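Trainee: The lines below spell out each chain.
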Amino acid sequence: MIIRQALSRKSQLFLGSSPLRAIPSIRCFFCTTSAAQQYDGSYYQYPPPQGQVGAPGSEPGPSPGSSHSPSSSPDSSPLSYAEQIRRDWKQYHQFQNTTADLGTRIDPHYQPSRLVRSPPRPRDITLELLLASQAHLGHATSLWNPANQRYILGVRQGIHIISLEATAAHLRRAAKIVEGVSEKGGLILFVGTRPGQEQVVVNASGRAGGCHLFERWTPGAITNAKQILEQTPHEARKAVKPDLVVCLNPLENYVLLHECGLYAIPTIGIIDTDADPTWVTYPIPANDDSLRAVQLICGILGRAAEEGRTRRIRRAVRESAEREAREAAEAAAEARVQAVKEAMAGDMDLDLVEGWGDDGEGENRSRRERVRSKLRAREGRPK
Amino acid sequence: MGRQLRPLRVHQIASKMLESGRLQEEPAWYRVVGAMPPTTSLVRPLPVRMRPLQPVNTKRAKKAKSNTFRPQEIVYPEDKLRTQFYKDHPWELARPRVVLENDGNDHKNYDWSQLRQPGRQLDGESVIQHQLWLLNSNPYLTTRQAYDIARKKFYQLRLQEDIERRIATEEALAVGAVFDKSYFDIVFEREGQVLQDWKTKAAQDLALRKHKRNAAYSSTSLGEDAAAQVEGAAAEGTETAETDVPPVAAAVAVG
Chain Z
1 MIIRQALSRK
11 SQLFLGSSPL
21 RAIPSIRCFF
31 CTTSAAQQYD
41 GSYYQYPPPQ
51 GQVGAPGSEP
61 GPSPGSSHSP
71 SSSPDSSPLS
81 YAEQIRRDWK
91 QYHQFQNTTA
101 DLGTRIDPHY
111 QPSRLVRSPP
121 RPRDITLELL
131 LASQAHLGHA
141 TSLWNPANQR
151 YILGVRQGIH
161 IISLEATAAH
171 LRRAAKIVEG
181 VSEKGGLILF
191 VGTRPGQEQV
201 VVNASGRAGG
211 CHLFERWTPG
221 AITNAKQILE
231 QTPHEARKAV
241 KPDLVVCLNP
251 LENYVLLHEC
261 GLYAIPTIGI
271 IDTDADPTWV
281 TYPIPANDDS
291 LRAVQLICGI
301 LGRAAEEGRT
311 RRIRRAVRES
321 AEREAREAAE
331 AAAEARVQAV
341 KEAMAGDMDL
351 DLVEGWGDDG
361 EGENRSRRER
371 VRSKLRAREG
381 RPK
Chain R
1 MGRQLRPLRV
11 HQIASKMLES
21 GRLQEEPAWY
31 RVVGAMPPTT
41 SLVRPLPVRM
51 RPLQPVNTKR
61 AKKAKSNTFR
71 PQEIVYPEDK
81 LRTQFYKDHP
91 WELARPRVVL
101 ENDGNDHKNY
111 DWSQLRQPGR
121 QLDGESVIQH
131 QLWLLNSNPY
141 LTTRQAYDIA
151 RKKFYQLRLQ
161 EDIERRIATE
171 EALAVGAVFD
181 KSYFDIVFER
191 EGQVLQDWKT
201 KAAQDLALRK
211 HKRNAAYSST
221 SLGEDAAAQV
231 EGAAAEGTET
241 AETDVPPVAA
251 AVAVG
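Residue numbers (our numbering), protein chains in the order written: chain Z, 1 to 383; chain R, 1 to 255.
By construction, these hints were calculated from the structure, which means they are not laboratory data. Since we're looking at a predicted model, the values are computed, not measured. Note that CB positions come from ideal geometry on N, CA and C, so glycine has one too. Heads up, some of the hints might be wrong.
[What the hints assert, rightly or not] Computed from the model, here is a short list of chain R residues facing chain Z with C-beta under 8 Å:
# : residue
1 : Ala-14
2 : Glu-25
3 : Trp-29
4 : Gly-34
5 : Met-50
6 : Leu-53
7 : Val-56
8 : Ile-74
9 : Glu-101
[As the list claims (entries may be wrong)] Covered by chain Z, per the in silico footprint, the following chain R stretches (three or more residues, Cβ under 8 Å):
#  : segment
10 : 1-8
11 : 35-41
12 : 103-115
Whenever a hint applies, use it, and build me the whole structure from the sequences.
Mentor: Structure below.
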């Protein structure tokens, strides 16, 4: 324990004041005013003090926004508020661009927050990534479920080691299922009830446009939906059932998985060496006790759902545009047919009918000929 | 809860429901799951073989359960070297170990011709990896020789670290740092406290024995007087104990 007594006596120089005080040359760097102007720490004051335009070399001036170029005459009126903001913004960016490359270069490293806010995609699944995320660590050998034997590589330091090739293969398949269901417009429910899983579950469900659950599953929410969900005071809507459930800790949520089995809802779950792989439709053999591994897997599934959803939305937009164009064309054709019918009934000259010109289409030509011959026949005109 | 078969049969169940008319339209997941059906199998395959096949011991095989499907111990050639190193240097196990990895590709950039690697702590593991590098690069070196070369380099580096720590302490003291109690001070204090407690209890025990002895021989009535006598004797005992021996903690100077 080291107590730096010396610093407590002379700390005002470096600590305790605003950060900009420590770099008094900030204004001199991008300001063309003289360095003699004292810096008063009011750089970020808005709006600037009225009526003070500091000429170069004069007494302590106001914020630098109002005294930029030495060529500006002392008589010029202070800049408008918007102009000041624009100049300061430009200066700020110039400063950032010049100083951004200074300082330590930090190598790419593991950033826990990045795993949650910007997780990797299904195409980024590698064995090295799963290993670094501690997805291969199973439980003590005495606690295993023998049904998991095919996913276990071996034993090391008293625990089972999950085969990462199995993990990668099952995770890719689960991602494909999630992407497919999302593309079909299915409702996906992300469930993670352990502490620390809330954020990643919410993010994944947001990407999928589905639902999330990070607190205890109310038993009967599927099998007894009418009583559990529809009779709560604020929920007046009809309860829906998910089309796919992704569960990050199946051991604790066995009731939810049982209900899904009863109602034929497919499930995806992270199966550790002590969990039963038959509880879920698509098991992902991996470590469910490491937050990093769980966040990685949930993030990847969320990204897969996002991709499926984006594809569905784009296709829907494209199809609606095509449908509109088609409908417009059909409406125009209908209008033309209607006009022809009116012409036939009202004995109008066909050439005056809109869109009835010689457009070169064979079908229309023959139709035109047919209608003309009918008209002539009715009137008794010669051909 | 036991084995569940319904999750694996969702597609068949949904098909039956559609046939019977219980479901009017296909669920959103129906075709997706149909295209990629679940493949969970409860049949156990042979595990990955880590050790060569052993001849079957017929005497044991008659009674014992088969280990054929049991996952095997994962063993690396470095494990023998690790056992040797940590047997010789048990206090290296007391050093904290960082097992955090970035993306799993750190090992690709390591050059084990030296002990120190950027981004990696100096550890017993560095010694073993350098030893392996020496063995792989020089075919005439024995394991023992490579081990001696690696561990002596390791001692040099640890010595450097110790010197750096000592210099850092001196520099800190020179600019006015005040260090709290050292481990020695804390240990001596605790020892002194334990001895003091023992002294107090011993005095109380002595007084009690004295009282019992007196009670065995005297004919006076026992009661509050006797209890007060015992307490007084105990207090007397602690006082004498305190005056006899000076406190141990005061003897140690703060470094």
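Trainee: For which of the previously enumerated hints does the structure constitute a violation, in increasing order of number?
Mentor: 2, 4, 6, 7
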